[in-house]
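Hey, can you work out the whole structure from these sequences and the hints?
There are 2 protein chains.
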Amino acid sequence: MSLKPVEKPVIHEVGLRDGLQAEKQVIPTATKLAWCEQLIAAQVDVLQIGSFVNPDKMPQMADTDELFRRLNSVPHPGVTLSGLVLNEKGLERALACGVELVCMGVSASDTHSQKNTGMSTAEAQRRIIAIAQAAVKAGKQVQVSVQSAFGCGFEGKIPDERVLGIVRAYLDAGLVNISLADTAGHAHPTQVTRLFGELFKLQPDAKCACHFHDTYGLGMANMYAALALGVRSFETSFGGLGGCPFTKLAAGNVATEDFVHGLQRVGMRGDIQLSVLLGLAREVGTTFGRDLPGRVHKAGALTY
Amino acid sequence: MSLKPVEKPVIHEVGLRDGLQAEKQVIPTATKLAWCEQLIAAQVDVLQIGSFVNPDKMPQMADTDELFRRLNSVPHPGVTLSGLVLNEKGLERALACGVELVCMGVSASDTHSQKNTGMSTAEAQRRIIAIAQAAVKAGKQVQVSVQSAFGCGFEGKIPDERVLGIVRAYLDAGLVNISLADTAGHAHPTQVTRLFGELFKLQPDAKCACHFHDTYGLGMANMYAALALGVRSFETSFGGLGGCPFTKLAAGNVATEDFVHGLQRVGMRGDIQLSVLLGLAREVGTTFGRDLPGRVHKAGALTY
Numbered sequence: 002m003s004l005k006p007v008e009k010p011v012i013h014e015v016g017l018r019d020g021l022q023a024e025k026q027v028i029p030t031a032t033k034l035a036w037c038e039q040l041i042a043a044q045v046d047v048l049q050i051g052s053f054v055n056p057d058k059m060p061q062m063a064d065t066d067e068l069f070r071r072l073n074s075v076p077h078p079g080v081t082l083s084g085l086v087l088n089e090k091g092l093e094r095a096l097a098c099g100v101e102l103v104c105m106g107v108s109a110s111d112t113h114s115q116k117n118t119g120m121s122t123a124e125a126q127r128r129i130i131a132i133a134q135a136a137v138k139a140g141k142q143v144q145v146s147v148q149s150a151f152g153c154g155f156e157g158k159i160p161d162e163r164v165l166g167i168v169r170a171y172l173d174a175g176l177v178n179i180s181l182a183d184t185a186g187h188a189h190p191t192q193v194t195r196l197f198g199e200l201f202k203l204q205p206d207a208k209c210a211c212h213f214h215d216t217y218g219l220g221m222a223n224m225y226a227a228l229a230l231g232v233r234s235f236e237t238s239f240g241g242l243g244g245c246p247f248t249k250l251a252a253g254n255v256a257t258e259d260f261v262h263g264l265q266r267v268g269m270r271g272d273i274q275l276s277v278l279l280g281l282a283r284e285v286g287t288t289f290g291r292d293l294p295g296r297v298h299k300a301g302a303l304t305y
Numbered sequence: 002m003s004l005k006p007v008e009k010p011v012i013h014e015v016g017l018r019d020g021l022q023a024e025k026q027v028i029p030t031a032t033k034l035a036w037c038e039q040l041i042a043a044q045v046d047v048l049q050i051g052s053f054v055n056p057d058k059m060p061q062m063a064d065t066d067e068l069f070r071r072l073n074s075v076p077h078p079g080v081t082l083s084g085l086v087l088n089e090k091g092l093e094r095a096l097a098c099g100v101e102l103v104c105m106g107v108s109a110s111d112t113h114s115q116k117n118t119g120m121s122t123a124e125a126q127r128r129i130i131a132i133a134q135a136a137v138k139a140g141k142q143v144q145v146s147v148q149s150a151f152g153c154g155f156e157g158k159i160p161d162e163r164v165l166g167i168v169r170a171y172l173d174a175g176l177v178n179i180s181l182a183d184t185a186g187h188a189h190p191t192q193v194t195r196l197f198g199e200l201f202k203l204q205p206d207a208k209c210a211c212h213f214h215d216t217y218g219l220g221m222a223n224m225y226a227a228l229a230l231g232v233r234s235f236e237t238s239f240g241g242l243g244g245c246p247f248t249k250l251a252a253g254n255v256a257t258e259d260f261v262h263g264l265q266r267v268g269m270r271g272d273i274q275l276s277v278l279l280g281l282a283r284e285v286g287t288t289f290g291r292d293l294p295g296r297v298h299k300a301g302a303l304t305y
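So the protein lines, in turn, are chains A and B. Using our numbering, read the first sequence as starting at 2 and increasing by one per residue. Using our numbering, read the second sequence as starting at 2 and increasing by one per residue.
Simulated from the structure, these hints should not be mistaken for lab results. A hint or two may mislead.
If chains are identical, the list can't say which one is meant, so a pair holds when it fits in one copy or spans any two.
Straight-line C-alpha distance at most 27 Å; calculated DSSO-like pairs for lysine-lysine [as the list claims (entries may be wrong)]:
#1 Lys158 / Lys9
#2 Lys90 / Lys141
#3 Lys202 / Lys5
#4 Lys202 / Lys158
#5 Lys25 / Lys116
#6 Lys299 / Lys25
Quick look at the structure:
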């Protein structure tokens, strides 16, 4: 079991997707591109551009394909472009526009799964695994997630065994790049340690990712619990934007710049341009005309 | 060295002092009493009523003596009343009005110490230790703290050795109830683990307390780092109110109700009336007419 933090935690910026899909205001493509340019300049490791969802259902994500085409036409050294795929049609679109890392997930909550996809967890699991395997065959990097892994806004408690059942199915299918997502923000550090511990028992070399919302104030504490256990990739959102439109209640993700600021305080990830991230968080706050939950873009970075 | 969380973390509510001293608005005594009644009904362990500071310098704390007299005249079973003492005159006042736990501190930052008290760290240390010993002789519970223990808004980095030097002086004086306070909010979980680890090496049975501000988003993560190491008492503020008027920049304390909510998620401190704390955080937010930083009073508690 991995019990030591990785040397170089991966920053997977999901604000363009998880952040913007929670906002009513549709951000113009040109603005999104300008934000992407800043995130590329900041040198986040993975940049999630959008979701391949039906544009009628989610107009905020309607330009996802175009964004990928535009960003793939310019150099973005060191930055992997990721996109969220919900179904077979989504994978087709993702392959057509050159997504580098294809992300997809299954909710451990049947209720959440039904509301989000119209399928039960079991049915979603079969389809998502088939889609993930098709993406692997197409030569793509693939990350599979368990959504509502730490609790559900509709169902409440999600037994560990439901989460680990999905994890086992992923591992059996050869999918080892696994994210546990706290979609509603119910996770507690103790639970994070326990659940990732169980995952590492099943597959000691699993490439684990995590995703926490700060609904109950434990987002950052959960990140550090995951980091201490050897989780490798951290999904965060500029300014702490976010919230899931398909769950009952969720605050934003942990803010990218707050997490990076903390890592840099202990000598990690000095290669990321924090000042660019802080400028972006302020700009996004201005765009939405409200105080975003991130802290460091308000306080200013510590420089010693 | 203690490396296991205590079974019953002590909640030391400091909103009436650290929260209200940071606000321009002076809260009427009757309102403060009503808030205290709620905190007593909620059964927090220690309730900090105010600071024995010169009322001309800090009118928000001018009614501290009266509050103690009023609260000491009614039963408050299970709740210890604490007050912050800054000098000899403050101790006289505290003894006269029946403070149960006398708190006092020395800043590890000379600049912060000068601005806050007009004394250097060394001079403040001598005086505070003498005052603490006088309080012990008077039969009081005493907690001594190191302020700016994790960094200073003026000086930046505070070397561990400066903090541990003050800790050693406290221990030599027989003072083992020691709080490390992150006055400016600079602490990082790694630093919390390291510094409390060193403290426990010096005195394995020290009764440690901690105090974190959430200026850079790490407040709660620091609380959990302290909890994991065996720190016993946690200073928090209703609604996450707070900030130090004598440091350059500080956000509020970790919110009492968020910390208690998290503990209750893992079966700890079910004896505290969370719903009362949530109601109070909402009321205080209304009083100040702004959104307080705490999360759970906005989201509502998880009940499973």
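### Query
Among all the numbered hints in the text so far, which are the ones the structure does not match?
Checked against the structure, no hint fails, so every one of them is satisfied.
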